[in-house]
Amino acid sequence: QAQATLTGVKQKGYLACGSNPALAGFGVPDAQGRWTGLDVDFCRALAAAIFNDPTKVRFIPLSAKDRFTALQSGEVDILSRNSTWSMSRDTTLGLDFPAVNFYDGQGFMVKKKLGVTSAKQLDGASICTQQGTTTELNLADYFRANKLKYEVVAFASADETFKAYDSGRCDAFTTDASGLYSERLRATAPDDNVVLPEIISKEPLAPAVRQGDAQWADIVRWTHYAMLNAEEAGITQANVDQMKSSDNPDVKRILGTEGKYGEAIGLTSDWAYRIVKLVGNYGEVFERNVGQGSPLKIQRGLNALWSKGGLQYGPPIR
Amino acid sequence: MQTPAPATPRSSPKVSPLYDPRIRGAAYQLLLLVVVGLLAWTAIDNAADNLRNARIASGFGFLGNTAGFDVNQSLIPFAAASSTYGAAFVVGLINTLMVAAIGIVLATILGFLVGIARLSENWIVARLAEIYIEVIRNIPLLLQLLFWYIAVLSALPSARDSYALPGSVFLNQRGLFLPRPLLAADAWALPLVLALGIAGAVAFRIHAGRVQRRTGRRLPVRRVAALLVLGLPLAVWGLLALLGLAPVTFELPVKGTFNLRGGLQLYPEFVALVLGLVIYTAAFIAEVVRAGIQAVSRGQREAARALGLQSGTTLRLVVIPQAMRVIVPPLTSQYLNLTKNSSLAVAVGYPDLVQIFMGTVLNQTGQAVEVVAITMAVYLTISLVTASVMNLYNRRVALVER
Amino acid sequence: MTASSGLLAQPFVRRDPVPAAPPPALVGGPVAWIRRNLFSSLTSTALTLAAVLLLALILPPLLRFLVFDAVWTGENRDACRPEVLGRPVGACWAFVANKINYFVYGSYPIEARWRADVFFALLAFGLAWMLWLDAPRRDLGAAYFFVVFPLASYALLAGVPALGLPAVPTSLWGGMLVTIVVSLVGIVVSLPFGVLLALGRRSRLPVVRLVCVIFIEFWRGVPLITVLFMANVMLPLFLPGDVTVDRLVRPLVGIALFSSAYMAEIVRGGLQAMPRGQFEGAMSLGLGPWLTMRLVILPQALRIVIPGIVNSYIALFKDTTLVSIVGIFDFIRTIESARVDPNWAAPTVSVTGYAFAALFYFLFCFGMSRYSRFVERRLSASHAR
Amino acid sequence: MTAQALPEIDPDLAPANTSVTRLAAAPTVVTLDRVNKWYGAFHVLRDVDLTVRKGERIVICGPSGSGKSTLIRCINRLEEHQAGRIVVDGIELTNDLKKIDEIRREVGMVFQHFNLFPHLTVLENCTLAPIWVKKMPKAQAEELAMRYLTRVKIPHQASKYPGQLSGGQQQRVAIARSLCMSPKIMLFDEPTSALDPEMVKEVLDTMVGLADEGMTMLCVTHEMGFARQVADRVIFMDEGQVVEVNTPDAFFRNPQHERTRLFLSQILH
Amino acid sequence: MTAQALPEIDPDLAPANTSVTRLAAAPTVVTLDRVNKWYGAFHVLRDVDLTVRKGERIVICGPSGSGKSTLIRCINRLEEHQAGRIVVDGIELTNDLKKIDEIRREVGMVFQHFNLFPHLTVLENCTLAPIWVKKMPKAQAEELAMRYLTRVKIPHQASKYPGQLSGGQQQRVAIARSLCMSPKIMLFDEPTSALDPEMVKEVLDTMVGLADEGMTMLCVTHEMGFARQVADRVIFMDEGQVVEVNTPDAFFRNPQHERTRLFLSQILH
Ligand SMILES: Nc1ncnc2c1ncn2[C@@H]1O[C@H](COP(=O)(O)OP(=O)(O)OP(=O)(O)O)[C@@H](O)[C@H]1O
Ligand SMILES: Nc1ncnc2c1ncn2[C@@H]1O[C@H](COP(=O)(O)OP(=O)(O)OP(=O)(O)O)[C@@H](O)[C@H]1O
Ligand SMILES: [Mg+2]
Ligand SMILES: [Mg+2]
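Residue numbers (the numbering used here), protein chains in the order written: chain A, 1 to 318; chain B, 1001 to 1402; chain C, 2001 to 2385; chain D, 3001 to 3269; chain E, 4001 to 4269.
Accuracy of the hints is not assured; some may be wrong.
Stated by the list, open to error - With a Cα cut of at most 30 Å, we get these calculated DSS-like pairs of lysine-lysine: (1) D:K3135 x D:K3099; (2) E:K4134 x E:K4184; (3) D:K3135 x D:K3184; (4) E:K4184 x E:K4153; (5) A:K120 x B:K1255; (6) E:K4054 x E:K4099; (7) A:K147 x B:K1255; (8) D:K3201 x E:K4201; (9) B:K1255 x A:K149; (10) D:K3054 x D:K3160; (11) B:K1255 x A:K252; (12) E:K4054 x E:K4184; (13) B:K1255 x A:K112; (14) D:K3098 x D:K3153; (15) A:K111 x A:K149; (16) A:K277 x A:K244; (17) E:K4160 x E:K4201; (18) E:K4134 x E:K4099; (19) A:K260 x A:K277; (20) B:K1255 x A:K113; (21) D:K3184 x D:K3098.
These are calculated hints, taken from the structure and not from any lab test.
Kindly generate the complete structure, drawing on both the sequences and the hints.
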């Protein structure tokens, strides 16, 4: 029964994707219910690979608190909701994190007028955070390690947390750096806030699936790698059709014109072609949602390809 | 007189089991038991299956694990590094009970005031009380809590430009800062005097009762008691102060980099929660009080007045004792409601049981079943204990009827 | 007085009746009224002054905020920023006006919103039928409200592709629509269940009674929010692994269980108020226990508890706000998420949103509570007959 | 001390009217045989024996708390007896639900407080049982109800609610309601004691009319005029026992038991 | 249009009994002088004049709503009058709270519905006012209470609660409770009308006993036997006015006013 995720998805005719309803750049619906974001596009890529139709996704808004139960209970097929891959989650929650689609780290945002330039100066500050996150734990560790005092104010939802910070309840707001940029957009006066340089934790954000369905985990994993490999090979949404006739063996294997790699994971051999054609390669998705093409303007940084000094490394398709 | 023998034997005739109410009853009950049992068994079986499939650990062992997160408002020492999830549970429970206790006291006071005002002969006071009751009762508590939280936050100055009130009291977005009283090591005299004062007041009360029974004279119990309980310790304190000793020192809040440090801090979350709960519950209590007072018939009051009892005495000896019988049961359920409603703390970020335990702990451990069960058990226990105490009380005060 | 001693034991017969006279000025007239009701004693005078002072403190700023300094029109946050307008800004009604569709429908697809409108109309029709005490065929009304209407609403809102109504996943529902759906499901489900539980609690059979008592007291003993959490995280666990429950349905299950327990106690009150003679009258006519219950006892008991039911509906309606905490986009949640919209980042937007919500809930609940009082009076009047 | 039969008729106790001849051949419809009943530890009915012939009219009287109501409520099983036998119309009352239903269909009962259904109109009160118990078509049930309402002289009130009627009218509706089930036996439990004096008569007249038509009746009442006029036998109860049974004439003229004499001296003027 | 004076006594109306001589020299304890009272716009007492001598027993009767209760409730200021003077025991009733308290101590009142305090025992009901108003030591108050409870023949019920007593017993406790304040005047407002017939007598007997001891009494009642037996004067009220005043004998034998005659014809048999 645990093996059957792909079959189940095909039967339903859509992919149930647990997503963040309120994180600009990663997952957020607009007033018409159209979802955008990096995590959201990952689900679309999956749907493209499975159905050849990126719209066959239902996004299920999940809070930090109920995201894992939603996945465990089978309510969603995949949790693509900026979740940190940690050992305890991997081992005790019955989850698998097939691939890291965003390397992040926890940071702080403060009001400019405080004149603070480093997290080390936050001794005695009030800090707003969201409950039930690794953020909450990292925060405790960081201040303990640096022998600083602080007061934590924890809220159930990201909205509340940020609004409390914005209205002055806290001196600092902490979450993953990506989140900091995205939340800053919502501040009453975005430019009055600065993100401090310290990154106090490793936050590999990864889509999660239920443990025990190796095939499904492979599909998720290789969907991400296909997007990486496509970027590396220079295949983009715009040129993918021309590339189909390329005679570069790497490109041929990726686009399924040579070999039947996709069938090994229960998909069709043109699965990666569908992804790039319908959603784009990793770089495109990144830039569109969080990079220079977006209001967030996050640098590629750790998320650059390995060949450009980053950590995103797609194992070869062969 | 003769007794003619009955024409028919007096054996009990057979009853078709289909129409025997006892058998039917047993069958219904058995059926219900089977259905309930089946439901429970399926649920448990499914849960066990699901947990196994999801590879979630079960059991209460997690309570001993280190929590790793911090809580800003705790009456017991709590540190992320060393405290366990069990300790987090205790912190949440204490915070819940504290809010409930403070809320109950304040809501009772406000509720009685409003309830009495509602019956005031003064038209405008009665109307104001009525408007208060109607408006507050008809707006969801959650909305009121959010409103108070936002209103409290946005009305207050930032930490750097705190309002400074007399007596080293500060008010800002981080809360209300009061001097924290610290008892000096050699100040044992003060609590002692306080205890003596209370003991004295109790003794005087008993004495006054005896005098009254013997001579009919009434001693000024309340005044003497106030003097003993408040006046005596103050006098001793003053005396010590004159001698140059300081039995109580105050830790004053002082400005830190970001915020005031030291002193006693009342957090805005706490204030908003208590404010919201008190204002909301008081509206209901006011209705309870009004109904209770109105339930005492006019005749009772008239009879007392006709006997020459003055209005104060009438209220104290005739109206209130009778009103209390009517008031106490619904009042208790309002207390229970307040306690249960304190779980809305989660909406304003006050770390109560639900917020810490059902929120943070559940998320960090993933042990939903255990955490939800424990939390519900706590509230259930509170409810059941209160209900049984109430039943005892009701039995004690129930009017004796023919 | 003259010669009153002469009155002693003197017979007397009144030959000229004293006509009724109007009361002296003290009794009637506005001045007397004011004196009697506002300044009857020293305390009263002090209270009056205090009350007037309180009003003077509260009313002007309130009115200024809600009306005089309020902003009524505008397209974005600039409309409500004091530094842009150059004057103090009160409530930002422009924000509400701008977001009103979101508050009403949530993210319900625009092209399908007419379906929600039809739902509202069907609801209003059903409510009018049920609540208007002199309406014809109220039994049909009940059937409509408890059977036809729920089915029709489900078909309308969720959609039936076979009938040409495309499916709308519940994750898109929101705003007042969800608030009303949630509270309606609560009431529609809790009434029959409440009746069953109440009957069970009064049963002669000890096991039935015990099961019902435990069920009722359990739900009444825990806060709704824990019930919602439970429904949210535990319900899926209790179901077989391949069965999933819609996210909107989960809190509905919690609310239905919770309100059934409260409803059961209300209905039990009505059953207890039924005199024994009604049972006996029916039994002696040969009606069996079930017929007696259905034809004689329940119709009367339910009528007695209409005010109680309405009150519990008010409570339920207010309580549905809690579903926002478990992530359902009800009315409160739409306000919450709209107020953090950076397009509308202005100082008074949050408070305006809450004020609007408060107004909405107040009007609804106050209307219902007045209605329940009206029914109560009607009932007691008909008893006095 | 028995109630039934009176096989050898003591000439002094013999009923003066014709009821003996009228009833001699009639079949027995109700038999109580050493019926005992307890409420908890309280012994309310002690060895009660009683035989009622078809068409017989019996008045039961006795001081308050003597068990009169309990006795007649046992006959249609509103109360359960714990020892002895009760046979109604050939059916013995046991726990058998089916038989109880059957008996209740045969036995009509009129209560002190009418127990009309206030949420139904007078007509609906009367047609409820015929429609639901006898499965009679509605039109036919209404016709039947109107017949009996005419009989108790309130056909024009049919569409009113019980709350709109006077006590006497309500009691007459209650009688009509029972009659609609065409019962073989009617039980009356102090049918006039909750009525204002001026309404007693209208109800008693209705009952006399019923008696004249030969209905078998057991009636708990203190209306001695009624007893004299229609009763075949008067039964006097005290402390759960049948103390004296006699014709009304003999009962009032010459009570045998001292308890009876005491009771009569209290209620007669 | 007044009540007083009638200087020439119509011989036919002259009182027949000895109360004139008994009371001739007694001081006046209650004087009502053109008392008027309104409830809102409703004129409930109209120009009422009344003088009560010490030891006099007055019965007030009249149709429902005629203002009888209002009248006697004005005498201990349970209701406020708006025009005219009321003087009780030499003290005029004004808004002066102190004087009101004083008068209430002198005037006992017994209500139709007893108004005992259900949360206190019979004894506590009786001792409450002596202890709290007269500041009597508890033991003494209890002794006093027991004396009066004995007087009304229920000393053995002292430790019960009012809810455990019958109506007649409760009313007697209410009388004892009033007596414990040693009032100079007793007001009764239909003291027996809420009682079952068999209990009326025990309460009336108690009141007759009080009258025999010379208590000044104003009693609203329709118990005509009582009026005949003890009243010095009967006052008939209608529509807020005193319509007729006479000795009981003359009042019942030969009512003068047609309204009185009508009333008497309704309540006497
Ligand atoms: N359900 C009951 N439980 C316990 N005792 C009962 C019950 N019903 C009646 N009794 C007692 O049984 C006795 C006989 O009651 P029953 O009603 O038969 O008397 P009755 O002769 O009809 O009196 P009445 O003239 O007052 O109607 C009374 O003492 C009564 O208190
Ligand atoms: N508090 C009040 N407010 C307004 N009207 C009142 C009030 N109390 C009594 N009344 C009216 O005043 C009139 C006289 O009332 P009162 O009780 O004195 O009559 P009564 O002669 O004692 O009648 P009864 O025999 O019914 O007791 C009645 O019409 C009554 O309705
Ligand atoms: Mg993280
Ligand atoms: Mg009166």
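Against the structure, the hints:
1. D:K3135 x D:K3099: holds, 18 Å
2. E:K4134 x E:K4184: Distance of about 15 Å is within 30 Å: holds.
3. D:K3135 x D:K3184: Between K3135 (chain D) and K3184 (chain D) the Cα gap is close to 19 Å, so the pair holds against 30 Å.
4. E:K4184 x E:K4153: holds, 22 Å
5. A:K120 x B:K1255: With Cα atoms ~19 Å apart, K120 (chain A) and K1255 (chain B) stay inside 30 Å; holds.
6. E:K4054 x E:K4099: Holds, because 20 Å separates the two Cα atoms, which is no more than 30 Å.
7. A:K147 x B:K1255: holds, 20 Å
8. D:K3201 x E:K4201: The hint holds at about 29 Å.
9. B:K1255 x A:K149: Cα-Cα ~15 Å, so holds.
10. D:K3054 x D:K3160: violated, 35 Å
11. B:K1255 x A:K252: Distance ~67 Å between K1255 (chain B) and K252 (chain A) Cα, so the pair is violated.
12. E:K4054 x E:K4184: Given pair K4054 (chain E), K4184 (chain E) holds - Cα atoms ~8 Å apart, limit 30 Å.
13. B:K1255 x A:K112: At roughly 20 Å apart (the allowed maximum being 30 Å), K112 (chain A) and K1255 (chain B) satisfy the hint.
14. D:K3098 x D:K3153: Outside the cut-off at roughly 35 Å; violated.
15. A:K111 x A:K149: holds, 19 Å
16. A:K277 x A:K244: With Cα atoms ~11 Å apart, K277 (chain A) and K244 (chain A) stay inside 30 Å; holds.
17. E:K4160 x E:K4201: holds, 22 Å
18. E:K4134 x E:K4099: With Cα atoms ~15 Å apart, K4134 (chain E) and K4099 (chain E) stay inside 30 Å; holds.
19. A:K260 x A:K277: At roughly 18 Å apart (the allowed maximum being 30 Å), K277 (chain A) and K260 (chain A) satisfy the hint.
20. B:K1255 x A:K113: Answer holds: K1255 (chain B) to K113 (chain A) is near 17 Å, not above 30 Å.
21. D:K3184 x D:K3098: Status holds; Cα separation ~18 Å.
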